[in-house]
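Protein chains in written order, with our numbering: chain A, 1 to 156; chain B, 1 to 761.
These aren't lab readings, by the way, just hints derived from the structure by calculation.
From the three backbone atoms N, C-alpha and C, an ideal C-beta is built for every residue, glycine too.
Mixed in with the good hints there might be a few duds.
Unchecked claim - Calculated cross-link-like contacts (lysine to any residue; reagent style SDA-like; alpha-carbon spacing at most 20 Å):
1. A:Lys6 - B:Gly630
2. B:Lys449 - B:Gly630
3. B:Lys506 - A:Asp97
Unchecked claim - Which chain B residues face chain A? A few, computed with CB under 8 Å, are given here:
4. Pro6
5. Pro18
6. Lys23
7. Ala28
8. Ala32
9. Pro91
10. His123
11. Ile215
12. Tyr651
13. Leu686
14. Leu696
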Amino acid sequence: MIPEPKVVNTIINGDSKQILVSERDSLLEALRDRIGMTGAKEGCNNGNCGACAVIMDGRLVNSCCVMAAEVEGSEIMTVEGLASRDELHPLQTEFLDNAALQCGICTPGFLMSSYALLQENPNPTEEETRFWLAGNLCRCTGYDKIIESVLTVAKG
Amino acid sequence: MTMLEPKISSVGTNTVRPDGIDKVTGRAIYGADVRLPNMVIGRVKRSPHAHAIIKNIDVSKALALPGVLAVVTSDDFPEPVEAILQTLRGPMPAQWDIERLMARRKVLFKGHPVAAIAATDVHIAEDALDLIEVEYEVLPPVVTIDDALAPDAPILHDDGLDSLVEDLFQPVDGRPSNIARTVEMGFGDVDEGFSQAEVVLERVYETAMSHQGYIETHNATAIWSQDGKITLWTSTQGAFGIRQNVSRVLGISLGNLRVIPAEIGGGFGGKTVVYLEPIAALLSRKSGRPVQVTMNRTEVLEATGPTSGTRSFVKIGATREGKIVAADIRLEYEAGAYPGSPVAGGARCALGPYVVPHQRILGLDIVLNRPKTAAYRAPGAPASEFAVESVLDELAEMLDIDPMELRDMNAAVEGDRRSDGATHGSVGSREVITTTSEHPHYRAEITQKDVGRGVAMGFWQNGGGESSAYANVHEDGKVTLITGSVDIGGQRASLAMQFADTLGIKYEDINSLVGDTDTIGYTGNTGGSRTTFATGWAVYQAAVDISTQLEERIAKIWEVPVDDVNYSPIDASLHGPGDLVMTFKEAAAKLPSTGGMVQGRADLVSTNVGKVGACFGAHIADVHVDRDTGKVTVLRYTAIQDVGRAIHPAYVEGQIQGGAVQGIGMALNEEYVYNDDGSMANSSFLDYRMPVANDLPAIDTVLVEVPNPGHPFGVRGVGEVPIVPPLAAIANAIYDAVGIRVSSLPANPESILRELAEHES
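With the rest of the complex left out, here is chain A (with noise of 0.2 Å):
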């Protein structure tokens, strides 16, 4: 049966969120259904696409795999918080300028990976990128647009 709602505590992209959530949202569940935060998607909901993933407390996480309830007293960062109120990240306008978008669906989720990437490896190779990015699945592009993207905001 449907268990009771509970309370969870935390910062989403600096504001602080009182969240109403069932015993079996997941964080991606609560984030979408929950309070309207729609940037992260559904492709899979068993990890395996990446295109729910967001930051945790400093790490990557795929949201479809975290209980909803886990995230008490944790701050998390969605593709909505990654731009400033005038600019976009380097990243976004990376991604923008070199066409590696075609749908769009995956890049919450590539923007979040590379985000993540970046900021353990900020000099990552070609080859360091493909792996990291590798739990991400993009239908669109053949990755290559993307690749070369975060290289190119990895240079500066």
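Position chain B relative to chain A; hints supplied.
Frame of chain A, contents of chain B only:
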């Protein structure tokens, strides 16, 4: 046509798409992102069996669950008005159109919908599905082509409705059959052709059923209002096609049904079909709420349209010099549970790149207990061209001719007859062959062990069809452009660029939008590589309509005959007698006070569209075969393609790269694996293995530009062809590397190891 050359030109540059910022910031509203007041969640109950008779459906327990608002079964669909339905792939009993969406008497594939529910919460909806009780009488499933063609095969469509359509399911040897239809094409005298042949090769090839693999799953959000009007948001490649199909199965007039295409997360042909939309609408009517229904990935793989698994029998005869004289081809394509495989596309394209004076192609559309197939990028072509390109590779080796030289000797050019009876227009086949032969990749030496190179060509005829465009000129000289073409990969940009160049104004001055079925005229799908071509035509005509109206208006202001005023896109200005000149911006500013604003429109039907430009490509692949594990790694890849004229070169490259990688997936990884009971064994992205970034090298592209003379900007469709050559290019490379001819795709490690073992023994 004369190409336009305005001073300010965006065509040929890599502009940033107007929807770009929304798509990198998470703001873009895709279908499943639609949130409406009071909205509830819908889910579909699906058959666990591939083939079974439904004895009873009991929804009472589900309805009794608190939070469940409505249940829908096939009883909620009205009887079809017309008994026979005309489809792209021939007439069909209309009843099947509904039964595919919601099973009635029988389920025909695992995942076949049997009921749907709406509930106030997603988890209540999930629980309610388990409470729907369905009693089945399980029947033996038809899982493979051989199962389907066996003399004693279980017959899928035993309801007698096929007798409504004359050529459907003709008996074979006096017995009912699972062959829905046959198509035949070709010309000449095949026996005569083979009598001239000095070498004849006869081979059989197979490809596995595979999925488009768009990352966004299907979704539909519907409001059935108290006044009988329905509003639908959905992820589709064409809102008008969805409107037509929903209207038909629900018996709702087109005027009461508004379909709003949300942003779409990939389609590749697969999002041209109705699955959830009528279900969402019925759930909304019964619950009185807006209802959003979404699929999970397993539902997408098990119950939406993949492309056919196939078997191709190819016999090709040639002279010792390498001239092809005859071809006899039999194609067997899986249709899935209902008729309608892309076998005709396979037949049209099999010999597409070549001149074959005597040819016969027979195609069989075969039903079996798998999901009904849908269009997938160059529908039907990858499988049949894989077969022919593999035979040509073998022929080249046998006759000791360079593979590209063999293709050059037999290349189809303008005026040559195609298998479907049409003749080739202006095509870039020779240019593609020459560019490929001369490419450094083709000439590079291979030094590593177990590394080989393969090459193959691809052909797709491309499409035209119906498109509308509407443009509002604002008094500050900016223009809002609305088309009916869903933006699946930068169409807002590529259309705005053509529109801007027709008037010679800046791309940045165009606000490019996608309309819905109530705000723009009929427009066909974004698919078949038609959008930049056909909707490009429409925006060109809408721009010309504006310039004509400006000439009329400004002639009145100047008080000169209208014939003396000419709009020139070269300087984006109107020119009158003497030195009378007025820029587009100046003219726009005068509109409000001289009779009002100007709107341009175009409604393009297939009869007034210019000549569609067919498309050729050639791919070069280097692969390494690991003899211990059987793993094939692509080391280097180059795709050469005639693209007509690249409106947005980076997006054209992206089409080629993405298509090539889907083809590489078909060649190496992707397949529907079935258990004997007809259930899919790999219905997740973990087990249905699409290529990821570290599986691949860079995909180098060479854009060969042979402008299509039938289009104001020289556009040819570019999206389909790149999925065609990889299958044979990779298979031919594997042969070059380790000497085994792969006849069944995907060439996964298991099959490579088996072939290597056979080869060595």
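Hints, verified against the model:
| no. | hint | result |
| --- | --- | --- |
| 1 | A:Lys6 - B:Gly630 | 51 Å, violated |
| 2 | B:Lys449 - B:Gly630 | 14 Å, holds |
| 3 | B:Lys506 - A:Asp97 | 18 Å, holds |
| 4 | Pro6 | 23 Å, violated |
| 5 | Pro18 | 11 Å, violated |
| 6 | Lys23 | 4 Å, holds |
| 7 | Ala28 | 6 Å, holds |
| 8 | Ala32 | 7 Å, holds |
| 9 | Pro91 | 33 Å, violated |
| 10 | His123 | 5 Å, holds |
| 11 | Ile215 | 4 Å, holds |
| 12 | Tyr651 | 6 Å, holds |
| 13 | Leu686 | 5 Å, holds |
| 14 | Leu696 | 6 Å, holds |
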